[in-house]
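Can you build the whole structure from these sequences, using the hints too?
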Amino acid sequence: MAEQPLHEHTLGNGLRVVVCEDHFVPLAAVNIWYGVGSRHERAGRTGLAHLFEHLMFQGSANVAEGEHAALLESAGAAFNASTSFERTNYYETVPVSHLELALWLEADRMGTLPAALTQANLDNQRDVVKNERRQRYDNQPYGTAFELLCALTFPEGHPYAHTPIGSMDDLDATTLEDCTDFFATWYAPGNAVLSVVGDVDPEKTLEAVERYFGGLPAGPEKPQSRPGELGPLTGVRGEAVDEEVPSPAYFAMFALPTDGGDDVEAAELAVEILGGGSGSRLYDRMVRRDEIATEVWAGVTRLASGPSLAIVDAIGPDPDKIAAVLDEELRRFAAEGPSGDETARATAQAERGFLEQTETVTGLANALSQNATQFGDPARVFTAPGRAAAVTGDAIKEMAGRWLAPGGRTALTYGGTS
Amino acid sequence: MSGLALQPRPVPGPVPAWAFPAGTPGRVPAGPATLRCDLPGRRLAAVRLVLHAGAGREPSGLDGVATLAARTLLEGTEPGGGTALTAAFERLGASLYAHADLTALRIALDVPTTRLGAALDLFSSVVRRPALDDSDVRRLVRERLEEIAQEDADPGSRAMRELRAVLFPAEARAARPTGGTRDSIGALQGADVRGFYGSVVPAEATAVVAGDLSGVDADGALSAALEDWAGTGGPLPAADRIMPESAARIVVVDRPGSVQTYLSFGHGVPDRSHHDWPSLMVASHVLGGGLTSRLNAVLREEKGYTYGMRAGLLRMRHCGLFIAQGAVHTEVTADAVADALTELRGVVSRGIDAEEHGSSVRALADRAPAEYETARSVAAELADTSANGLGADYPSAYLAAVRASTPDGVAHAYRKHVDPEALTVIAVGDAAQIREPLENLGYATVTVTSKED
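Chains as they are written, first to last, in full-length UniProt numbering: chain A, 1 to 418; chain B, 1 to 453.
These aren't lab readings, by the way, just hints derived from the structure by calculation. Careful: at least some of the hints might be erroneous.
[Said to hold, decoys possible] These stretches of chain A come out as covered by chain B in the derived footprint (C-beta under 8 Å, 3 or more residues):
| no. | stretch |
| --- | --- |
| 1 | 64-71 |
| 2 | 104-113 |
| 3 | 134-140 |
| 4 | 357-365 |
Every residue gets a Cβ at the ideal spot worked out from N, C-alpha and C, and that includes glycine.
As C-alpha cells, then:
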C-alpha cells in the first residue's frame, strides 16, 4: 500500500536521498539518519556517539557557534537530534521556504564539522550531557532501570550492553581527537540517508540536494560492525537495586527477534497483548483483578542489528509476587496463545500506531530514513499495517513460547520484601 | 579536506501563508456546543469533549474528585465490566482518554476516520451512562495514592506542586494539587464521583471533531452521540478566582542525595484574554524558548550548568503563571540561581532588542503549521479555547497579535506583569548542600520543607 510515491536517488558520494510530496501544509521535513550509534562505540568511550551529536550543533566551517539553532529557531523550525544504539538522527521541520537553508546547514556539518570543533565546545557540551544524564536517569526514580537491564541482558563488552548516554567516567575521558576520529570514521555521506517530506517539488528537491551535498567527498568505507546477536534468554538473571524509590517495583527485559522478519511482527503483537495498555492481560490480572500492582506496562524496542527488546515494568508492594504472576501469565499465554479477538485488537492498534507515526511530515520523514537505513527500502514503512495484519494467532503463540517463556528474562527488583 | 566543494548559504524567501483551521460551529439540541473542523488528508480523527467540571469546581473537601471521575469514566458502562470497554475501543483501532485539570474535565477520542461513527457510538455510552462503580472508584483511589507518591519523587512535578502551593493563598483551589492530596483522595467514595459527574451541565460543554471528514456526517454523528444527555445533580460550585500573590521567596524542597536541583521561578500574570498575553509569550520565549534564548545561552551553552532551561506561561482560566524552570547540577545551584535572576531582571533593565524579538516572534508564529498539523492538536486547542471562554477565533487572533508585537511593547508587558524582585523560587534538591549558598545570595528568605509535606 505504497500510497505516496517516493523519489529515490543516490549521489555519487554515496548519500541516499528519499523525497516524498505531502502538500497539506506548507512545510518541509528534513531528516538524516547516520548509521552510527552507541553499538559502534569502543570500550572506554561509551557515550561518544551521543556527545558527538551535541557537538553537531556547535558550528561548522561556515556556521558560527550557536548559529545553527539561531537560524532554525528564527524560522519557526522544530528541530532536534537523537542517538540510539544503532543510529544518530538529525531533523528539522521548516517552512518550505527554508528547505534549502536546512539542506545547506546539514551539508555544512556533514562536510566540515571538525573545522569548528574546539576544546571549549567539547568541555561545555560534556557538562551539558552529564547534566542530561543526571536529569533523565540518575536523578529520576527507577531512572537507570533500562541501563541496568541492558548490562544484565548482554554479556560484558557486547555492543548493546551499554546504553547511548554512556558513563560519567567515559564522558570525562573523551578527547578532541576521539571526536575528530569519530567524525572521520562515521559521518560520511555513504553512511547516511536524507529524507525530505513536505510541500516540495521532487525534481527540484533532488537537484537542491545534489547541489548542496554533491560536493562532499565520499569518505572512507564504513568499518565492519561487531555482531549483535543474542538468542532467547534462559533462566532469570536478577538484581536487587539499592536505590531510594517511592514504591517497590519489578522491571523485566526479554530478548526478541531482530527487526526485519515476520517473527518480530508476531513477537511485538504478543507483547502488546500481554502488557500493552489497560486492556492487556497483565494489566487486567495484576492491576484490576488481583490488585498486586498499581501500574504495569510492556513495550518493545525494535533493533535491526541486534535482538529487539521487550520491557515489562510493574509497581507494587511485593515484587516477588509480581514475578510469580508474570510467570503464570507467560505460561498460560505460551500454552493457549491469544484469542481471535486479542489478535484483532492488537492489529487494529498497530494500524492506529502507523497513522500516528506517519501523518506528520516529521514522522513520515523519520520513518523513511529508518526503513532506508535499516532495510534498504524506504517504502517498507507503508507495509507496516499489512505486516501486522498478516500475523496469525498461531504465530503469536509460537513467538511467545520461544521468546517470552516463563523463567527466561533479566529482572530488577526495587525495594520489597526480599 | 580534499575534494570538498560547498555552496554559498542560500537566502530563504518569505514564509508561506498559513491560517489556523477554522471550525464550523453548531449545537446538539439541548446539549453541547459543537465545532467541526475538516482537515483534508488527516485520516486519524480526533474528538475532544470539554466539560465545565474541572478541579476548580470541586465541592469543598472533595479535592481530586474531578480527576477520579475522569478515570472512572474509562472503566465503562457496566459495573465490573473489566476490560470490556477498552477492548471495544481497541477493536476499532481507537483510544479513549480522560483527565481533569483546574479548568475542565476533558474526554478525548482518537480513531481512524473510517470508524468514527462506530467509535462515537461507544463514546456516547461512556459519556451518557458511565457505571462509576464503587469497586472501580476504590481501586482507582489506591492507584491515585500510588501516583501521588511517584509525582512527589519526580523533581519537576514536585517543584510544580510547591510553586502553586506557595504562589496561591491557601484557600485558593489552585494552591492545592489538581489531582487531590493523600488525605482528600483517601476519603473519596463512589457516591462522590457519581454526584460530581451527575452535576455536569451538558449544555455548557463543547465537543470538537477534527479530521478528514469528507463523506462523513460528523455533525449528525456528534448529535446522535450527545443528544438526550442530561445532568442529574445540582449545580457545581463556581470556580474561585483567587489570584496568585507574588513575593520574593526561596523555598527548598529537601530531597537528600539529589545530584541536581530542580529550579522553578514563578510569578502570577493575567489570563489569556488579556491583551498583554501574546507579548508575555514573546518575552517568555526570549528568556527560555529555545537553545539560543537568554537563559540557555548562559546556563547551558556558556556554563554547562544544565541540560536545558525553559520559560513559558501556564494557562489557567482566571490567571496565568510565568514560570522559568530547569534542573542544574547540585554544586552550582546558587550560581545558577544568580545567573537566572540576572537574565530575568535583564528584560526589565535592558529591554529586548529587535533581532531577538523578531526571532522569537517567528519562532512562535511560524511554527504553528507544524504545531497544528494533526487533528489531535487542532481539536485540543479549539476545545481548550472553548473551555476558557475564548472563542474559536482565538488561536488566529493570538498568532496575529504575536506578529504585531514590538520589542518595546514586549519589554513593557513583562515589566508591567513580572516583577523580578518578587519571584517565587522553588529549589527541589539536597537542602544540606544548597540551603546556605541560596541564603548567601541575599535574594529572599530561604525556607525548607520536606518532600512529602
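Honestly, which of those hints from before does the structure not fit? The structure conflicts with no hint, since it agrees with every one listed earlier.
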